[in-house]
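Residue numbers (the numbering used here), protein chains in the order written: chain A, 5 to 191; chain B, 5 to 191.
Simulated from the structure, these hints should not be mistaken for lab results. Misleading hints may appear alongside valid ones.
What the hints assert, rightly or not - Straight-line C-alpha distance at most 25 Å; calculated DSS-like pairs for lysine-lysine:
(1) A:LYS62 <-> B:LYS96
(2) A:LYS87 <-> B:LYS75
(3) A:LYS187 <-> A:LYS87
(4) B:LYS75 <-> A:LYS62
(5) A:LYS156 <-> A:LYS96
(6) A:LYS58 <-> B:LYS187
(7) A:LYS156 <-> A:LYS99
(8) B:LYS58 <-> A:LYS50
(9) A:LYS49 <-> B:LYS49
(10) B:LYS111 <-> B:LYS49
(11) B:LYS75 <-> A:LYS70
(12) B:LYS111 <-> A:LYS58
(13) B:LYS187 <-> A:LYS49
(14) B:LYS50 <-> A:LYS111
(15) B:LYS49 <-> A:LYS111
(16) A:LYS70 <-> B:LYS70
(17) B:LYS156 <-> B:LYS183
(18) A:LYS49 <-> A:LYS96
(19) A:LYS75 <-> B:LYS62
(20) A:LYS87 <-> B:LYS187
(21) B:LYS99 <-> B:LYS187
(22) A:LYS70 <-> A:LYS58
(23) B:LYS49 <-> A:LYS50
(24) A:LYS156 <-> A:LYS49
(25) B:LYS96 <-> A:LYS87
(26) B:LYS50 <-> A:LYS58
(27) A:LYS187 <-> B:LYS87
(28) A:LYS50 <-> B:LYS50
(29) B:LYS70 <-> A:LYS50
(30) A:LYS49 <-> B:LYS87
(31) A:LYS96 <-> B:LYS183
(32) A:LYS87 <-> B:LYS111
(33) A:LYS58 <-> B:LYS49
(34) B:LYS49 <-> A:LYS70
Said to hold, decoys possible - Some chain B residues well away from chain A (every beta-carbon gap over 10 Å; in silico):
(35) GLU71
(36) ASP92
(37) THR134
(38) PRO160
(39) ILE161
(40) LYS167
The C-beta atom is built at its ideal place from N, Cα and C for all residues, glycine as well.
There are 2 protein chains.
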Amino acid sequence: MNYPGGLKKDCIKTRTYSNRGMNLEWDLNDSNEYYLINNIAVIYKKPTPITINKVDYKARNDAVIKEAHFKTPSTTDYNGIYKGKYIDFEAKETKSLTSFPLNNIHKHQIEHLRRINAHGGIGFIVIRFTSLDETYLLFINDLLEFLDNNTKSSIPISYFKEKGHIIKGGISPRLDYLKIIDKEVFI
Amino acid sequence: MNYPGGLKKDCIKTRTYSNRGMNLEWDLNDSNEYYLINNIAVIYKKPTPITINKVDYKARNDAVIKEAHFKTPSTTDYNGIYKGKYIDFEAKETKSLTSFPLNNIHKHQIEHLRRINAHGGIGFIVIRFTSLDETYLLFINDLLEFLDNNTKSSIPISYFKEKGHIIKGGISPRLDYLKIIDKEVFI
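Chain A on its own, in the form it takes in the complex:
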């Protein structure tokens, strides 16, 4: 089983009903696996970027990393291909009931998505309001429009309701975000 960010079970919370809203990454990985198995799209989460400081080379094929640090990501978490188009997005959760704090997304991640868009790819963010159990897809253009016209440090949920697209939860896939792409991009 693949745990988020390559973490082993001991390191992360177990998925239970009490924290099911906390598992956006889980839902996305599950959906991407569904897309892959059903030959719909090829989208993966990138490995967690780290800086390795110490490695023990016990044997030729048995290296153990003894010291490493988490690194600020220079791009987004997910990318891949869907219907011939390059797909790229970042996914974040917030416990807030009213807005998404912008300090959750790095400036260079937004810049990366802007570039993707300029090169003809499909860039967006997926934001889950865990306390409301609502998940929105917001295209990079709409995110940039907000940033250009606001000095606020967070995006109010009303903006997601107005410009974003709600992703309905399901069983298989758990989060059919490509349905939004179908409706909004491949018309």
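Given chain A's structure and the hints, the job is docking chain B onto it.
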């Protein structure tokens, strides 16, 4: 400075003239940076996939990974977007003068590139024969054709000369592999 695979300088060989043939990854990262800065393409190397076993949470933003292992990658090392097209490739070096040993590429990486191709992306491998200082780009279709018609455990260099495309070394970018894509894909 970004070292290959996120390794710090102490962990890897220093780039010198004596091992300059050994730095395909370096040349590709340099070329991708050139493409990015000049707004030609957005292509990145993915972080090295690892499995984390132990993490010390000293402070809120100061987690130190104390034990981790390198994981077999499920996809390829590089992907991104060029002229609206999804690009995906794996890069490998060999010291052999005569052939590229196939055990250097995992079966699921070949399967991944096959999928990319089927979904309308551009998939290929970049192989450097370090002793000859020759670097070839081989499209996934030509790799699959070889695999379908051979039971050999390595691809002879003659096949790269016949079906592959030599990538000439330069100064900026050091390895202009997108020139091959221009010539072969965007005709």
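Structure-based check of all given hints:
1. Restraint check for LYS62 (chain A) and LYS96 (chain B): the C-alpha separation of about 24 Å stays at or below 25 Å, so the hint holds.
2. The suggested pairing of LYS87 (chain A) with LYS75 (chain B) is violated, with an alpha-carbon distance near 29 Å, which exceeds 25 Å.
3. For the suggested pair LYS187 (chain A) and LYS87 (chain A), the alpha carbons sit about 13 Å apart, so the restraint of at most 25 Å is met.
4. A C-alpha spacing of about 16 Å is found between LYS75 (chain B) and LYS62 (chain A), which places the hinted pair at or below 25 Å, so the restraint holds.
5. A distance of roughly 18 Å separates the Cα atoms of LYS156 (chain A) and LYS96 (chain A); the hinted pair therefore holds under the 25 Å criterion.
6. As the CA atoms of LYS58 (chain A) and LYS187 (chain B) are separated by approximately 43 Å, the hinted pair breaks the 25 Å bound.
7. This hinted pair checks out: LYS156 (chain A) and LYS99 (chain A) have alpha carbons roughly 18 Å apart, not beyond 25 Å.
8. Under the criterion of a C-alpha separation no larger than 25 Å, the hint pairing LYS58 (chain B) with LYS50 (chain A) is consistent with the structure, at around 20 Å.
9. Of the pairs offered as hints, the one joining LYS49 (chain A) and LYS49 (chain B) holds, with about 13 Å between alpha carbons and a cut-off of 25 Å not exceeded.
10. The suggested pairing of LYS111 (chain B) with LYS49 (chain B) holds, with an alpha-carbon distance near 20 Å, which does not exceed 25 Å.
11. In summary, the hint linking LYS75 (chain B) to LYS70 (chain A) is supported, as the alpha carbons are separated by about 15 Å, within the 25 Å threshold.
12. At roughly 30 Å between alpha-carbon atoms, LYS111 (chain B) and LYS58 (chain A) are farther apart than 25 Å, so this suggested pair is violated.
13. Taking the CA atoms of LYS187 (chain B) and LYS49 (chain A), the gap is near 31 Å; set against the 25 Å cutoff, the hint is violated.
14. Taken as a hint, the LYS50 (chain B) and LYS111 (chain A) pair is honoured in the structure, with Cα atoms around 19 Å apart against an allowance of 25 Å.
15. Between the alpha carbons of LYS49 (chain B) and LYS111 (chain A) the distance comes to roughly 20 Å, so the proposed pair stays at or under 25 Å and holds.
16. Between LYS70 (chain A) and LYS70 (chain B), the direct Cα distance comes to roughly 5 Å. Compliance with the 25 Å bound is thereby established for this hinted pair.
17. Taken as a hint, the LYS156 (chain B) and LYS183 (chain B) pair is broken in the structure, with Cα atoms around 30 Å apart against an allowance of 25 Å.
18. At roughly 13 Å between alpha-carbon atoms, LYS49 (chain A) and LYS96 (chain A) fall within 25 Å of each other, so this suggested pair holds.
19. With a C-alpha separation of about 16 Å, the suggested pairing of LYS75 (chain A) with LYS62 (chain B) holds against the 25 Å cut-off.
20. Simply put, LYS87 (chain A) and LYS187 (chain B) have alpha-carbon atoms about 23 Å apart, close enough for the 25 Å limit, and the pair holds.
21. Distance hint between LYS99 (chain B) and LYS187 (chain B) is unfulfilled; the C-alpha atoms sit about 28 Å from each other, more than 25 Å.
22. Distance hint between LYS70 (chain A) and LYS58 (chain A) is fulfilled; the C-alpha atoms sit about 5 Å from each other, no more than 25 Å.
23. Taking the CA atoms of LYS49 (chain B) and LYS50 (chain A), the gap is near 10 Å; set against the 25 Å cutoff, the hint holds.
24. Restraint check for LYS156 (chain A) and LYS49 (chain A): not satisfied, since their Cα atoms lie roughly 30 Å apart, outside the 25 Å limit.
25. Taken as a hint, the LYS96 (chain B) and LYS87 (chain A) pair is broken in the structure, with Cα atoms around 29 Å apart against an allowance of 25 Å.
26. Our distance criterion of 25 Å between C-alpha atoms is met by LYS50 (chain B) and LYS58 (chain A), whose separation comes to about 20 Å.
27. Restraint check: the Cα-Cα separation between LYS187 (chain A) and LYS87 (chain B) comes to about 23 Å, which is no more than 25 Å; the hinted pair holds.
28. Taking the CA atoms of LYS50 (chain A) and LYS50 (chain B), the gap is near 6 Å; set against the 25 Å cutoff, the hint holds.
29. Simply put, LYS70 (chain B) and LYS50 (chain A) have alpha-carbon atoms about 21 Å apart, close enough for the 25 Å limit, and the pair holds.
30. Using a Cα cut-off of 25 Å, the hinted pair LYS49 (chain A) and LYS87 (chain B) holds, with the two alpha carbons roughly 23 Å apart.
31. Restraint check for LYS96 (chain A) and LYS183 (chain B): the C-alpha separation of about 37 Å exceeds 25 Å, so the hint is violated.
32. Between the alpha carbons of LYS87 (chain A) and LYS111 (chain B) the distance comes to roughly 24 Å, so the proposed pair stays at or under 25 Å and holds.
33. With a C-alpha separation of about 21 Å, the suggested pairing of LYS58 (chain A) with LYS49 (chain B) holds against the 25 Å cut-off.
34. As the CA atoms of LYS49 (chain B) and LYS70 (chain A) are separated by approximately 23 Å, the hinted pair is consistent with the 25 Å bound.
35. With a minimum CB-CB distance of about 7 Å to chain A, GLU71 (chain B) fails to clear the 10 Å threshold, and the non-interface call is violated.
36. Annotated as non-interface, ASP92 (chain B) brings its C-beta within 10 Å of a C-beta of chain A; the closest such distance is 8 Å.
37. For THR134 (chain B), the condition that its CB be more than 10 Å from all CB atoms of chain A holds, with the nearest at approximately 20 Å.
38. Under the 10 Å C-beta cut-off, the non-interface status given to PRO160 (chain B) relative to chain A holds; the minimum distance is some 26 Å.
39. Look at ILE161 (chain B): its CB is around 26 Å from the nearest CB on chain A, clear of 10 Å, so calling it non-interface holds up.
40. Look at LYS167 (chain B): its CB is around 24 Å from the nearest CB on chain A, clear of 10 Å, so calling it non-interface holds up.
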